[in-house]
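4 protein chains.
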Amino acid sequence: MVPRYSRPDMVAIWTPEARFRIWFEIEAHATDALAELGVVPKSAAKALWDWWATNPAIDVAAIDAIEAVTKHDVIAFLTWVAEQVGDEARFMHQGMTSSDVLDTCLAVQLARASDILLADLDALLAAIKTRAFEHKMTPTIGRSHGIHAEPVTFGLKMAEAYAEFARCKKRLIAAREDIATCAISGAVGTFANIDPSVEVHVAEKLGLSVEPVSTQVIPRDRHAMFFATLGVIASSIERLAVEVRHLQRTEVLEAEEYFSPGQKGSSAMPHKRNPVLTENLTGLARVVRAAVVPALENVALWHERDISHSSVERFFGPDATITLDFALARLTGVIEKLLVYPARMEKNLNKMGGLVHSQRVLLALTQAGVSREDSYRLVQRNAMKVWESDGELSLLELLKADAEVTAALSPEEIEDKFDLGYHLKHVDTIFARVFD
Amino acid sequence: MVPRYSRPDMVAIWTPEARFRIWFEIEAHATDALAELGVVPKSAAKALWDWWATNPAIDVAAIDAIEAVTKHDVIAFLTWVAEQVGDEARFMHQGMTSSDVLDTCLAVQLARASDILLADLDALLAAIKTRAFEHKMTPTIGRSHGIHAEPVTFGLKMAEAYAEFARCKKRLIAAREDIATCAISGAVGTFANIDPSVEVHVAEKLGLSVEPVSTQVIPRDRHAMFFATLGVIASSIERLAVEVRHLQRTEVLEAEEYFSPGQKGSSAMPHKRNPVLTENLTGLARVVRAAVVPALENVALWHERDISHSSVERFFGPDATITLDFALARLTGVIEKLLVYPARMEKNLNKMGGLVHSQRVLLALTQAGVSREDSYRLVQRNAMKVWESDGELSLLELLKADAEVTAALSPEEIEDKFDLGYHLKHVDTIFARVFD
Amino acid sequence: MVPRYSRPDMVAIWTPEARFRIWFEIEAHATDALAELGVVPKSAAKALWDWWATNPAIDVAAIDAIEAVTKHDVIAFLTWVAEQVGDEARFMHQGMTSSDVLDTCLAVQLARASDILLADLDALLAAIKTRAFEHKMTPTIGRSHGIHAEPVTFGLKMAEAYAEFARCKKRLIAAREDIATCAISGAVGTFANIDPSVEVHVAEKLGLSVEPVSTQVIPRDRHAMFFATLGVIASSIERLAVEVRHLQRTEVLEAEEYFSPGQKGSSAMPHKRNPVLTENLTGLARVVRAAVVPALENVALWHERDISHSSVERFFGPDATITLDFALARLTGVIEKLLVYPARMEKNLNKMGGLVHSQRVLLALTQAGVSREDSYRLVQRNAMKVWESDGELSLLELLKADAEVTAALSPEEIEDKFDLGYHLKHVDTIFARVFD
Amino acid sequence: MVPRYSRPDMVAIWTPEARFRIWFEIEAHATDALAELGVVPKSAAKALWDWWATNPAIDVAAIDAIEAVTKHDVIAFLTWVAEQVGDEARFMHQGMTSSDVLDTCLAVQLARASDILLADLDALLAAIKTRAFEHKMTPTIGRSHGIHAEPVTFGLKMAEAYAEFARCKKRLIAAREDIATCAISGAVGTFANIDPSVEVHVAEKLGLSVEPVSTQVIPRDRHAMFFATLGVIASSIERLAVEVRHLQRTEVLEAEEYFSPGQKGSSAMPHKRNPVLTENLTGLARVVRAAVVPALENVALWHERDISHSSVERFFGPDATITLDFALARLTGVIEKLLVYPARMEKNLNKMGGLVHSQRVLLALTQAGVSREDSYRLVQRNAMKVWESDGELSLLELLKADAEVTAALSPEEIEDKFDLGYHLKHVDTIFARVFD
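Protein chains in written order, with numbering that gives the first Met the number 0: chain A, 0 to 435; chain B, 0 to 435; chain C, 0 to 435; chain D, 0 to 435.
Among these hints, one or two may not hold up.
Claimed, not checked - DSS-like, lysine-lysine: derived pairs with alpha carbons at most 30 Å apart:
hint: 1; chain 1: A; residue 1: K336; chain 2: C; residue 2: K350
hint: 2; chain 1: C; residue 1: K350; chain 2: A; residue 2: K350
hint: 3; chain 1: A; residue 1: K169; chain 2: B; residue 2: K204
hint: 4; chain 1: A; residue 1: K128; chain 2: A; residue 2: K168
hint: 5; chain 1: C; residue 1: K128; chain 2: B; residue 2: K70
hint: 6; chain 1: B; residue 1: K135; chain 2: B; residue 2: K346
hint: 7; chain 1: C; residue 1: K70; chain 2: D; residue 2: K384
hint: 8; chain 1: D; residue 1: K384; chain 2: B; residue 2: K346
hint: 9; chain 1: C; residue 1: K135; chain 2: C; residue 2: K168
hint: 10; chain 1: D; residue 1: K128; chain 2: D; residue 2: K346
hint: 11; chain 1: C; residue 1: K204; chain 2: D; residue 2: K424
hint: 12; chain 1: B; residue 1: K70; chain 2: A; residue 2: K384
hint: 13; chain 1: A; residue 1: K128; chain 2: A; residue 2: K169
hint: 14; chain 1: D; residue 1: K350; chain 2: D; residue 2: K135
hint: 15; chain 1: B; residue 1: K204; chain 2: B; residue 2: K169
hint: 16; chain 1: A; residue 1: K424; chain 2: B; residue 2: K204
hint: 17; chain 1: D; residue 1: K384; chain 2: B; residue 2: K350
Bear in mind the hints are in silico, worked out from the structure with no lab data behind them. In this text the structure is predicted, and so the values were computed from the model without any measurement.
Let's have the full structure, built from the sequences with the hints guiding it.
What follows is the structure, given as structure tokens:
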């Protein structure tokens, strides 16, 4: 976790305090269920909850000190709780194994993290939607290969982003479901020393589903899928960030990140207004994606469990979720405040001397009976002249002066092909597909 | 694609012939829809289908030769088709762009590949299920950290694998849905030159859903999610493969890959029976996973499209699906024919002098009123003696001879804790969760 | 391997024929050494070489057919050779293990592949150097964050690429040295059944160094380093490819990939001239990099060896080297034939109304006694006006009209800061560092 | 950075204080050089060093507060230093750009980190060497595919690890050289506003080499190579860690991590002694490797620079070096204190009824004139009986009772093939190669 790329709500999920609080809840709910079964005295569960009702501070340092001796985190925690609660605490953790606590806790943390990320996605979707409708009909050049192609609208660019993040949301909902499971099945997952009903009870209390079969640990294919999904979302962030970076290039300048009054672009060059937020998002996407491969490598644990996954998750559980939360929020801010320059878009759109309309002419020639190959040749030879003039010649004028072209199309027919509205006639259809 | 790690049905999806056939279908269905709209003559569509009805061979070499000149694959294909069909073919591809053909074709290929992989998963699940029920109650030692823990059954190991691959199947269904979309939206995706109804028609004919908004290309977050899902499945394959490799170790030998009569394990050591299939699966898992990162890197295409994704997909579209298909089939064979040795499992289970029952004694001591810490100390000091004897001492006998222990538990009570059935009493519950 | 991204010399290294030829040479050289030691008759070695001198064709299909029965590739090969050579062949492979042959062969293949890649790098370096000197003093705008910064030359861009690929060459030489080792140490690497002098002999004959200690296999950290190095080279290719893609953007157009007469940019838009080669290189970089993670995962083989690395290397040994060879050659062609447009560079350089000179003014103000903060404020307020005018206002004129500025600097002093030559005065120094 | 996986010396390199101290040194050395050139007054340099000589505390919070306004870290730092030093500080940073400071600082940090890692490798190599010589002749079974193969010694296993980490050291020295460069070249790297001699001076003072050509930033192929090298080292750590994990398996138990008196293996099962350190190292290897792909993705910055690399390096600069330092130290401790059990090794070695000697018999048969195929068949049929008896039958006895075998070899000749010393005769040679 890098503080400058983090937000407090997500960070709070991953503090030692938060973890120990979840551990307590798991243990206490389990003790309730064990008491219900008559395995432990009801007074034991009561003692735990009574102490909890005092809203006790978690003394992380004290627990760490015990762990320094026992070299076992859950035993250290249980020992500390027993010191606080007293003799009744000895019934806690009956028949459970550390993984029951650790893995169920991780499920709670990742589920909570998912909820924040889902809210982030909602905010991002809302921001994109607003800008999409604002610029639904703002014409701009569409580019393939970085080269001017045909007109689109800025709203369409936003609609594409909206559809992409809507897919991301759907995927994250599935990934959340995948990791939000509870395992209280004891050593090697057989329930030998703990009744399955305890698991059912704890799962219900924590809002998790029951892990159908655990091998002591919750299987790591679930986590692999979760982190892979975060990696896909990060890649979609990168796509939109790269779009903004392209639009802000000096020569393009169709949009710009908001530039606050106190901000300095460069220690050396005062005129610089750099797309630093979206460049940063490009880097953060790499950071989030870095969790994907280790998560995949974590799946093949040995036999009923080994603990190699643990250190990986200590890094990437927090890092990937905190960074993605930050990145989604940053991107939302970028989109909300993005300076959009329709006049510049129009200027760029017109700079190629009408080349963007070449395809329509091509089609018109074909429909007028010219062979496809000839049509292509006729359009291309005029287009090339325009291209080489750096937009100073006009395709429209050249075509009207080309005898082979005018043999097939009248000047009026040619002019008709240079209408911008023609390209935008289905924007409504697309918006309806995306937003309705 | 490495021939030895491939199967013909999956390979067939990725041949040039197969690709060109799909291209033709896309073009011909689109021509139908264009004819219906009156954009092109119905005779054009008819001419295409009439030719197709002759079941013409696709002359890949001829198309390649044209591409060598035009440096454009779709134009080369259209030119070749036009040579075959004649003049009516000039109406083909009206208002479309290459990506409409290429991306929709890739969607068809990945959907077909998914169908094979889903069938593979079904076969694997069936194999696992059979072995699970066969060995539902075959006791074997459960291991954590590679160290004997407590008893499980071999059927439980299979049940875990079943649940994992059932999740994989669910994920693959979602991933298939994600990539099975059709885009016929023309240059930069605006439908300027082609009515959206053409896309709807082609999608329906090809069993795809309609891409709500394309940017000329189908957005690559879909493909990233698809390949990430393959990577997760590969990791689950690795987990089960590693399990078999562990079980086949000389010192463990609880299971073995089937060893055919003609097979030689080593050019030097004739006694070797190596788990080469599952070692191979471990490697193939790495190969499939290798597609994940490039697929994530493919998402951030520039503006409405660039073509950097294309070469990546030419490699990993075939490689990842062909290899995963092969791996799933190989794993299915391994599981179906796996030699399982219950006698050896029992022997291993008993070799630690009863240490696997230590936790039950610990719990019994606690429940008899001994503090958790003292219980732990009592059990551990006897357990350590057994451990250091390499299983020659018996934990049961040592405990019955430990005065502090017998002060809390009678010999009969101690003996009762060494019952194997105790550990297996919830196997039915778990099986019901997994298989019902 | 994807044929369109491959070149014959590199492909030839990875054919079954090539592999079997190397196997034979390893076996025959080893037999020589064994004969020298008196372990096998000299006639055995002679028989092998006599047969080899007939330049026999390798019947791959026959060997494959034997492998289909034995399920062991080296035994299949030895069997086939024995069929050709006759009875004397039984002395071949004495005391050796399959890995001796396989791993030493892979070392030969990777060393040969390295030699091709090193030649590729030499050709690329030569091409870059030519263009660097050609455009040593061609001014062009330097950009940070995609925003105009200060002037550089196109030659400097080339010099940077030259230095980067010179580093890549140095790294590849080290990586080649790392993988070019010979292991003929027998089962588990103890030389129990084969004298170390055999290894020394074979190593010398094949131009390899001796593996100091093998564990039956050559340790895979060597290969991991090799493929990681290829991944770095691929990333450097991507950097230069992305540079070209940026320069070719419609709005920038300072350079263009060569566009051959017969080439068509788009099936729909005849005016398009797309940077498809460098986009392709961007994708191929992802493909080559995909080998890095599996190669790292291959390192941790179990004990003295497992065979999980093998399938990974069957894919990425050929794929990574063939693709990188192709990519280097393609990049060389792009650079050699790159259309460079100095006039457009000059036009772009001037379009920001002199903003690129802002820093010099800032420094001059500071040196004239204005505080850094005030200097920054003065320059920025004028720069912002220019920026917002889209280059229509002139920074020079604004500064000369700003009383606070002229209080510190005379008009002549200000004008002096707008000299382009000022920025290029150290180009010679840099070129000397890079090319001398 | 996860505190439990970190050590203070490496952490200290990455604190804000350490970074700001390096920044100051870069700026002050540069001011010296500028003063020498007469660009700034010598009093300016003196003022900086006079203040520095007071050993001032770095007020990180104050600098952060300034950055919160300026949104630019280097300007914030310079502003704070100016507040401390006074008016003379305005000459600082003349002609420099932020990247000069940031990138040169990162070079210093990575070079220092490399020095720690190199010392870690030395310590690890020393520990491995000690254990190698201690167990140079301790026989143990060599395993391929997890299956008993032929005898090796535990010292040989250590020698293999030694050779591998010696290679890693060599690679890290090269990687350190690759990243330890100094760039003080000003905006876009042209030295327009700063003389190249400043760079030479700062480089010399900081123990760095001069970056031949920078593009404002130090090219990121250097860092990619550095992190890739760390990834290879991590993979070698994983290999040795996995070896220990295998050796500690209950059924194998040839070695064990040291188990301290207070340590508890499991909250539930007191007999457990788990290889948790090496399992942890397996996970940490994944963490270090996670830096490789993002570092490769960082290479292709846009034009003269973008800042997408920065956030990636803020994470993985510290995380990869801190984690690798911790992992190397942990592995050193594991090796130093590893409990090695020669008696158990001998027991395991003998458990296969002599199967490990099968190859020698095979060779003896061949040399006695039996065809290779027949020899193989004879040995394998007896070996299979032993194998199926789980080591209860003896290969030696079976062979002596096999008429076809005794037709070729006398009983004495057969017995001679079962000599363990035969396998260890070249251990000296290998040790000489590795350690001399």
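Hints and how they fare:
| no. | hint | result |
| --- | --- | --- |
| 1 | A:K336 - C:K350 | holds (27 Å) |
| 2 | C:K350 - A:K350 | holds (15 Å) |
| 3 | A:K169 - B:K204 | holds (26 Å) |
| 4 | A:K128 - A:K168 | holds (15 Å) |
| 5 | C:K128 - B:K70 | holds (29 Å) |
| 6 | B:K135 - B:K346 | holds (18 Å) |
| 7 | C:K70 - D:K384 | holds (22 Å) |
| 8 | D:K384 - B:K346 | holds (20 Å) |
| 9 | C:K135 - C:K168 | holds (23 Å) |
| 10 | D:K128 - D:K346 | holds (25 Å) |
| 11 | C:K204 - D:K424 | holds (26 Å) |
| 12 | B:K70 - A:K384 | holds (22 Å) |
| 13 | A:K128 - A:K169 | holds (17 Å) |
| 14 | D:K350 - D:K135 | holds (22 Å) |
| 15 | B:K204 - B:K169 | holds (25 Å) |
| 16 | A:K424 - B:K204 | holds (26 Å) |
| 17 | D:K384 - B:K350 | holds (24 Å) |
In this structure, none of the earlier numbered hints is contradicted; all agree with it.
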